[in-house]
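K.L.:
Here's the letter readout for the chains.
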Amino acid sequence: MPIVVNLDVMMARRKMSLNELSEKVGLTLSNLSILKTGKAKAIRFSTLEAICQVLDCQPGDILEYVNEEKNEP
Amino acid sequence: MNINKWLSFEKISFMSISAETMYKVLQVFAWLIFVGLCIQAGGFLFNLVYVLFINAGGAANFWEGMDLSMLYDYEKGYFVVITGLMVLMAVLKAIIFFQIINGFMKKKFTLDRPFTGVMVEFISTTAFLSLAIGILARIGGKIVTHLQKQGLTLPDSKQLTIDGADVWIFMGVLLWLSVKIFRKGMELQAENDLIV
Numbered sequence: 001m002p003i004v005v006n007l008d009v010m011m012a013r014r015k016m017s018l019n020e021l022s023e024k025v026g027l028t029l030s031n032l033s034i035l036k037t038g039k040a041k042a043i044r045f046s047t048l049e050a051i052c053q054v055l056d057c058q059p060g061d062i063l064e065y066v067n068e069e070k071n072e073p
Numbered sequence: 001m002n003i004n005k006w007l008s009f010e011k012i013s014f015m016s017i018s019a020e021t022m023y024k025v026l027q028v029f030a031w032l033i034f035v036g037l038c039i040q041a042g043g044f045l046f047n048l049v050y051v052l053f054i055n056a057g058g059a060a061n062f063w064e065g066m067d068l069s070m071l072y073d074y075e076k077g078y079f080v081v082i083t084g085l086m087v088l089m090a091v092l093k094a095i096i097f098f099q100i101i102n103g104f105m106k107k108k109f110t111l112d113r114p115f116t117g118v119m120v121e122f123i124s125t126t127a128f129l130s131l132a133i134g135i136l137a138r139i140g141g142k143i144v145t146h147l148q149k150q151g152l153t154l155p156d157s158k159q160l161t162i163d164g165a166d167v168w169i170f171m172g173v174l175l176w177l178s179v180k181i182f183r184k185g186m187e188l189q190a191e192n193d194l195i196v
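Protein chains in written order, with the numbering used here: chain A, 1 to 73; chain B, 1 to 196.
It is worth saying that the hints were derived from the structure and are not from the lab. Careful: at least some of the hints might be erroneous.
[To be verified] If you want the ones that stay clear, here's a sample from chain B, every Cβ over 10 angstroms from chain A, calculated:
no.: 1; residue: V49
no.: 2; residue: V80
no.: 3; residue: I101
no.: 4; residue: V118
no.: 5; residue: F122
no.: 6; residue: T125
no.: 7; residue: A132
no.: 8; residue: R138
no.: 9; residue: V167
no.: 10; residue: R183
no.: 11; residue: I195
no.: 12; residue: V196
[Said to hold, decoys possible] Calculated lysine to aspartate or glutamate pairs in the DMTMM-like style (CA-CA distance at most 20 angstroms, straight line):
no.: 13; chain 1: A; residue 1: K36; chain 2: A; residue 2: D56
no.: 14; chain 1: A; residue 1: K39; chain 2: B; residue 2: E121
no.: 15; chain 1: A; residue 1: K41; chain 2: B; residue 2: D193
no.: 16; chain 1: A; residue 1: K41; chain 2: B; residue 2: E121
no.: 17; chain 1: A; residue 1: K41; chain 2: A; residue 2: D61
no.: 18; chain 1: A; residue 1: K24; chain 2: B; residue 2: E121
no.: 19; chain 1: A; residue 1: K36; chain 2: B; residue 2: E191
no.: 20; chain 1: A; residue 1: K36; chain 2: B; residue 2: D193
no.: 21; chain 1: B; residue 1: K106; chain 2: B; residue 2: E121
no.: 22; chain 1: A; residue 1: K39; chain 2: A; residue 2: D8
no.: 23; chain 1: B; residue 1: K184; chain 2: B; residue 2: D163
no.: 24; chain 1: A; residue 1: K39; chain 2: B; residue 2: E191
no.: 25; chain 1: A; residue 1: K24; chain 2: B; residue 2: E187
[As the list claims (entries may be wrong)] For each label pair, taking beta carbons as the anchor points, the in silico distance ranges come out as:
no.: 26; chain 1: B; residue 1: Q27; chain 2: A; residue 2: G38; range: 32 to 38 angstroms
no.: 27; chain 1: A; residue 1: F45; chain 2: B; residue 2: I135; range: 18 to 24 angstroms
no.: 28; chain 1: A; residue 1: Q58; chain 2: B; residue 2: E20; range: 44 to 50 angstroms
no.: 29; chain 1: A; residue 1: D61; chain 2: B; residue 2: V25; range: 52 to 58 angstroms
no.: 30; chain 1: A; residue 1: Q58; chain 2: B; residue 2: M105; range: 49 to 55 angstroms
no.: 31; chain 1: A; residue 1: L29; chain 2: B; residue 2: R113; range: 16 to 22 angstroms
no.: 32; chain 1: B; residue 1: K108; chain 2: A; residue 2: M16; range: 21 to 27 angstroms
no.: 33; chain 1: A; residue 1: R14; chain 2: B; residue 2: V118; range: 48 to 54 angstroms
no.: 34; chain 1: B; residue 1: V25; chain 2: A; residue 2: G38; range: 45 to 51 angstroms
no.: 35; chain 1: B; residue 1: Q27; chain 2: A; residue 2: E68; range: 34 to 40 angstroms
Every residue, glycine too, gets a C-beta built ideally from N, C-alpha and C.
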C-alpha cells in the first residue's frame, strides 16, 4: 500500500511504548498493532486526533505517501 | 440527566436479561422438538420395517391411529414410498433441530460478531434442508392426491406429516437469501475489523 504508517518512528522519538500509547489513546493493543504493522485499511479522524495529541505531532508525521511505481527499479 | 442515564441503564440490563432468557427458552424448545422428531422418525422407521417384514396388520394402526392398511393392500410400493417420505422428512427436520442445538451448545451464535463462516455454513445447510423437505413434501402431496383420485381412502397430508411444502420452500428461499446477505456481512465485518 502506498500509505506508510510511521507510528513506530514517532513512538521511538517520543520514547513511548505501545502499552503506554494504548492507555493514553484509548485504543486496544490489537488495534494499535494493526495500525503499526500497516494492516489497517482505514483510520478514523478521532483515532488520528488522539494519537497526534498524545504524541504531540502532525498527521503527516504518522502517515506518509510513498509512490511505489517510482521506487520500483 | 441522571434519570435518563438510569433509564437507559435499566433498559439495557432488561434487554440483556430478556435476550438471555429467550436464548434459554429457545434452547429448551429446540431440545423438545428435536427429541419429539427423533421419536417420530424412529417410530416411523420401526413401524415401516415391522409392517413389511413381521406383521402386515400393523398398517391398520401405523402411527397414532393412522390407518394405512388400504394403501398397503393397494400397492406395497406406494406404501413404502409414502412411509419412506415420512421417515426421510422427519429425519431431515430432526437434523435441522440438531444443528440448532449444536449451535447453542457450542455457542456458535454470537451477537457480537454475527457474520462468521460458521453462521453462513449453518444457515446454508438449514436452507438446503428446508428446500429438500419442501420438495419431498410436494412430491408426497402429489402422490397422496394421485392415490386419492384412484379411490383410495388415505389420511390427509397433515396427518401423514408430509404437509407444508410451500412453507418449507419459502423458508428455504428466505434462508438462501440470508446466506447471500451474511456472506456480504462477513466481508464488511472483516473490513470493519481493519478500521482503527
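K.L.:
Return holds or violated for the Cβ distance of V25 of chain B and G38 of chain A against the range 45 to 51 angstroms.
P.N.:
Given a distance of about 47 angstroms, which is inside 45 to 51 angstroms, the answer is holds.
K.L.:
According to the definition I'm using, a residue is off the interface if its beta carbon is farther than 10 angstroms from all beta carbons of the partner; does R183 of chain B meet that for chain A?
P.N.:
19 angstroms, holds
K.L.:
Measuring from beta carbon to beta carbon, are Q58 of chain A and E20 of chain B in 44 to 50 angstroms?
P.N.:
Because 47 angstroms falls inside the window, the suggested range holds.
K.L.:
When you take the CB atoms of Q27 of chain B and G38 of chain A, is the distance between them in 32 to 38 angstroms?
P.N.:
For Q27 of chain B and G38 of chain A the Cβ distance comes to about 43 angstroms; the hint is violated.
K.L.:
Please verify that the nearest CB of chain A lies beyond 10 angstroms from V80 of chain B's CB.
P.N.:
58 angstroms, holds
K.L.:
Take the C-alpha atoms of K41 of chain A and D61 of chain A, compute the straight-line distance between them, and say whether it is at most 20 angstroms.
P.N.:
Roughly 18 angstroms between the alpha carbons, so the hint for K41 of chain A and D61 of chain A holds.
K.L.:
V196 of chain B clear of chain A by more than 10 angstroms, beta carbon to beta carbon?
P.N.:
5 angstroms, violated
K.L.:
Grab the minimum beta-carbon distance between I101 of chain B and chain A and tell me whether it stays above 10 angstroms.
P.N.:
It holds; I101 of chain B is separated from chain A by about 33 angstroms at its closest Cβ, greater than 10 angstroms.
K.L.:
Between R14 of chain A and V118 of chain B, does the beta-carbon spacing fit 48 to 54 angstroms?
P.N.:
At 42 angstroms between Cβs, range violated.
K.L.:
Given the proposed pairing of K24 of chain A with E187 of chain B, does the C-alpha separation stay at or below 20 angstroms?
P.N.:
With Cα atoms ~31 angstroms apart, K24 of chain A and E187 of chain B exceed 20 angstroms; violated.
K.L.:
Against the 20 angstroms threshold, does the CA-CA distance of K39 of chain A and E121 of chain B hold or violate the hint?
P.N.:
27 angstroms, violated
K.L.:
Take the C-beta atom of K108 of chain B and the C-beta atom of M16 of chain A, compute their distance, and say whether it sits inside 21 to 27 angstroms.
P.N.:
Check failed, 40 angstroms falls outside 21 to 27 angstroms.
Figure legend: structure checked against the earlier numbered hints; hints not met, in rising order: 11, 12, 14, 16, 18, 23, 25, 26, 27, 32, 33, 35.
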